[in-house]
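2 protein chains.
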Amino acid sequence: MTELEKMGARAKDAAGILRIVSSEDKELALKEVAGALIRRQSEILEANRQDLAAAEAGGMPRSMLDRLALSEERIRGMADGVTAVSEWPDPVGRVLEEYDLPNGLHVRRVSVPLGVIGIIFEARPNVTSDCAALCIRAGSACILRGGKEAFRTNLAVTRIMREALSDSPLPADCVQLVTDTDRRSATEMMNLTEYLDVLIPRGGAGLIRSVVDNARVPVIETGAGNCHIYVDKAASVEMAAAIAVNAKTSRPSVCNAAEKLLVHREIADMALPVIGKRLREKAVELRGDDASREIFRDIRPATDDDWGKEYVDLIMGVRIVDSIEEAIRHIERWSTHHSDCIVTEDPAAAAKFQTEVDSAVVYHNASTRFTDGGELGLGAEIGISTQKLHARGPMGVNQLVTYKYIIDGNGQIR
Amino acid sequence: MTELEKMGARAKDAAGILRIVSSEDKELALKEVAGALIRRQSEILEANRQDLAAAEAGGMPRSMLDRLALSEERIRGMADGVTAVSEWPDPVGRVLEEYDLPNGLHVRRVSVPLGVIGIIFEARPNVTSDCAALCIRAGSACILRGGKEAFRTNLAVTRIMREALSDSPLPADCVQLVTDTDRRSATEMMNLTEYLDVLIPRGGAGLIRSVVDNARVPVIETGAGNCHIYVDKAASVEMAAAIAVNAKTSRPSVCNAAEKLLVHREIADMALPVIGKRLREKAVELRGDDASREIFRDIRPATDDDWGKEYVDLIMGVRIVDSIEEAIRHIERWSTHHSDCIVTEDPAAAAKFQTEVDSAVVYHNASTRFTDGGELGLGAEIGISTQKLHARGPMGVNQLVTYKYIIDGNGQIR
Numbered sequence: 001m002t003e004l005e006k007m008g009a010r011a012k013d014a015a016g017i018l019r020i021v022s023s024e025d026k027e028l029a030l031k032e033v034a035g036a037l038i039r040r041q042s043e044i045l046e047a048n049r050q051d052l053a054a055a056e057a058g059g060m061p062r063s064m065l066d067r068l069a070l071s072e073e074r075i076r077g078m079a080d081g082v083t084a085v086s087e088w089p090d091p092v093g094r095v096l097e098e099y100d101l102p103n104g105l106h107v108r109r110v111s112v113p114l115g116v117i118g119i120i121f122e123a124r125p126n127v128t129s130d131c132a133a134l135c136i137r138a139g140s141a142c143i144l145r146g147g148k149e150a151f152r153t154n155l156a157v158t159r160i161m162r163e164a165l166s167d168s169p170l171p172a173d174c175v176q177l178v179t180d181t182d183r184r185s186a187t188e189m190m191n192l193t194e195y196l197d198v199l200i201p202r203g204g205a206g207l208i209r210s211v212v213d214n215a216r217v218p219v220i221e222t223g224a225g226n227c228h229i230y231v232d233k234a235a236s237v238e239m240a241a242a243i244a245v246n247a248k249t250s251r252p253s254v255c256n257a258a259e260k261l262l263v264h265r266e267i268a269d270m271a272l273p274v275i276g277k278r279l280r281e282k283a284v285e286l287r288g289d290d291a292s293r294e295i296f297r298d299i300r301p302a303t304d305d306d307w308g309k310e311y312v313d314l315i316m317g318v319r320i321v322d323s324i325e326e327a328i329r330h331i332e333r334w335s336t337h338h339s340d341c342i343v344t345e346d347p348a349a350a351a352k353f354q355t356e357v358d359s360a361v362v363y364h365n366a367s368t369r370f371t372d373g374g375e376l377g378l379g380a381e382i383g384i385s386t387q388k389l390h391a392r393g394p395m396g397v398n399q400l401v402t403y404k405y406i407i408d409g410n411g412q413i414r
Numbered sequence: 001m002t003e004l005e006k007m008g009a010r011a012k013d014a015a016g017i018l019r020i021v022s023s024e025d026k027e028l029a030l031k032e033v034a035g036a037l038i039r040r041q042s043e044i045l046e047a048n049r050q051d052l053a054a055a056e057a058g059g060m061p062r063s064m065l066d067r068l069a070l071s072e073e074r075i076r077g078m079a080d081g082v083t084a085v086s087e088w089p090d091p092v093g094r095v096l097e098e099y100d101l102p103n104g105l106h107v108r109r110v111s112v113p114l115g116v117i118g119i120i121f122e123a124r125p126n127v128t129s130d131c132a133a134l135c136i137r138a139g140s141a142c143i144l145r146g147g148k149e150a151f152r153t154n155l156a157v158t159r160i161m162r163e164a165l166s167d168s169p170l171p172a173d174c175v176q177l178v179t180d181t182d183r184r185s186a187t188e189m190m191n192l193t194e195y196l197d198v199l200i201p202r203g204g205a206g207l208i209r210s211v212v213d214n215a216r217v218p219v220i221e222t223g224a225g226n227c228h229i230y231v232d233k234a235a236s237v238e239m240a241a242a243i244a245v246n247a248k249t250s251r252p253s254v255c256n257a258a259e260k261l262l263v264h265r266e267i268a269d270m271a272l273p274v275i276g277k278r279l280r281e282k283a284v285e286l287r288g289d290d291a292s293r294e295i296f297r298d299i300r301p302a303t304d305d306d307w308g309k310e311y312v313d314l315i316m317g318v319r320i321v322d323s324i325e326e327a328i329r330h331i332e333r334w335s336t337h338h339s340d341c342i343v344t345e346d347p348a349a350a351a352k353f354q355t356e357v358d359s360a361v362v363y364h365n366a367s368t369r370f371t372d373g374g375e376l377g378l379g380a381e382i383g384i385s386t387q388k389l390h391a392r393g394p395m396g397v398n399q400l401v402t403y404k405y406i407i408d409g410n411g412q413i414r
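Line order of the protein sequences matches chains G and Y. Residue numbering for the first sequence follows the UniProt record's numbering, starting at 1 and increasing by one per position. Residue numbering for the second sequence follows the UniProt record's numbering, starting at 1 and increasing by one per position.
Read the hints as simulated data drawn from the structure, not as lab findings. C-beta: ideal position from N, C-alpha, C; glycine also. A couple of the hints might just be wrong.
As the list claims (entries may be wrong) - To give an idea of the chain G side of the interface with chain Y (calculated C-beta under 8 Å), a few residues:
#1 Ser250
#2 Pro252
#3 Val254
#4 Glu325
#5 Glu326
#6 Asp358
#7 Ala360
#8 Ser367
#9 Thr402
Next up, chain G with everything else stripped away, as it sits in the complex:
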């Protein structure tokens, strides 16, 4: 057995215990974890200082160093996150359906834990405690593989979590960290079908693509957001500008940020100068099709490469469309089907758009930035699914479970 297989076997044993412990025990254990993160924060901060020093010496850019850095306040945030998840209603053990068959069989469909969840993530060390807490609340053990840059920090966080779990009714092996951070361990993890029930990649497009391409374990694809704001001919220009600016600029590095602006031709002459000006005041670089470049003559032309791209930056592609149908076709062709929005005062146009655009979340008159577990009332999220199987959109604890049929008879045969 390889190290990872041994880890898988231990996780499976832990999952067997998690499957039968009470909701209260899971809550208690997570409270222990939250307390320990605060109590032992100096260990985490020391490990994080070492990671930061190594990363800085290695030439890591400022923005990434900032993601990697922890502080007392950030650790408080991690602990608060664990506490909030601990108090979320238990998603396990719910009777989703219950009925009797004519032959007397009594059928119950009941929510149960997934089992063992693998998570491959990149630099941010708070992901470690967030994901582990979500998995435990949902009754699953997890195997975490974080980025090399945050390794010492992740190790400190998981050590503290494991020791806190040891003082609780749950086994320490509910949370394990892969200590081998070279590429081989990721590949092995993607093929650990005997032990992993699901694999969730959290990170940039490259990581997600690599997992989708190589995994034999079932994957939940998360993240990429090429989100659109379509300004219909019946839009309020003021509302469209406010939504576009918010969706583009309030946090350009996240997946629910808008990347493209489509404007109906009938309103473009009036609306686009206003919206474009407001965006440019916020330092957004516009790139446009020919028609929009007649309004903004100084902007770069947008190519197919632009239409397909998630900039994750203060850049926005702009296109003028002849009709709502053309807007929908553009979105169907280029969207990553994460979140798309129509701004209009016409309810029929809104209904058409929301029916025909095949994305996880389709907005009418609201910023795409609301696609977030916390914002939508689902609690903390483990990621935003952009595939259609299992869960779509933000995945909270309620989406981290499966179900089974429990059938009672008195000797029925077929």
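Mind docking chain Y on chain G? Use the hints.
Quick look at chain Y alone, frame taken from chain G:
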């Protein structure tokens, strides 16, 4: 663009229409299809005769020829299946959740079609019409790739279905058959991520393994059933014998047939001679552990290879266990987590078994043969999922959909 990519693009267009047609139109279209299958059955029978002649000349074994062969009666069955699916309540457009957020956003989570479903299957030509009907009822277009042996039959069936669809409000491209039946087309299909939302393999263990290993498109793993009957110390021996015989012998070639018999040591001396005799009277070959071979001295020893195997034949592995815990551990180690059963008069033992055995369907005092969409009241099924993502156990039309969030605001920004 390759042929398959063109097919994918056409399927995506058809899916766009299917997404917005009414429930009545889908029902009407499927009724057209059912009628056409009956009306034009001579074309199907003629194509099937050619397939059979070629298969026989190629030396196909009798049992497989039987699966391949159609008759007027079997075509009637196919048409009746399509009609039954057409009348199933529409799984699309259901509001699964609806709530208002404090900021005034109105959130609806609504069931929507998956989009384009790929199905790779083996010899049985009735799968063609079954799967196509289920996909259409669930609002998805499908791309079917059947076995080489049934190619002419599948072509006739899909041609008739497509022509019937052309006379309906739905486009013919709701159903397409891959006409290139060499291995390359299967591999290409497994990687058609741009067009396929999900891929479902239907067939033997080899096909399923190959799809799981090679697909980048999300897969729903179906089928393999190494199902267990555990006879608890508090079992009714008569009931245990009836269930074991039914689960093993009523149709040994299917995935919900039982493959293993576990008997509690305290009841074994009394129960195993009775159950074993009844099985052997039905021509079942027993293979046993050391303890059960003291009761049946003439049977072959069972090896680890036996414990892990789905025989799909009149063979059954037998093991005597010291406790319910040992039975559960055995099942956790060897089951494919399809369907497992406890026979007992002790409700506490049943509850323990049903909680701790992590399989799609866990029975108490009933045959594993009930794991079937029709039997469980889910309607026709596209397969039985043995993975935990998306759907578990029998998948009917209700499991062939996904959901999206439709959110209405009046200018909310974050």
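Evaluated hints:
| no. | hint | in the structure |
| --- | --- | --- |
| 1 | Ser250 | holds, 6 Å |
| 2 | Pro252 | violated, 13 Å |
| 3 | Val254 | violated, 11 Å |
| 4 | Glu325 | violated, 11 Å |
| 5 | Glu326 | violated, 14 Å |
| 6 | Asp358 | holds, 7 Å |
| 7 | Ala360 | holds, 6 Å |
| 8 | Ser367 | holds, 5 Å |
| 9 | Thr402 | holds, 4 Å |
In the structure shown, a violation is registered for the earlier hints numbered 2, 3, 4, 5, in ascending order.
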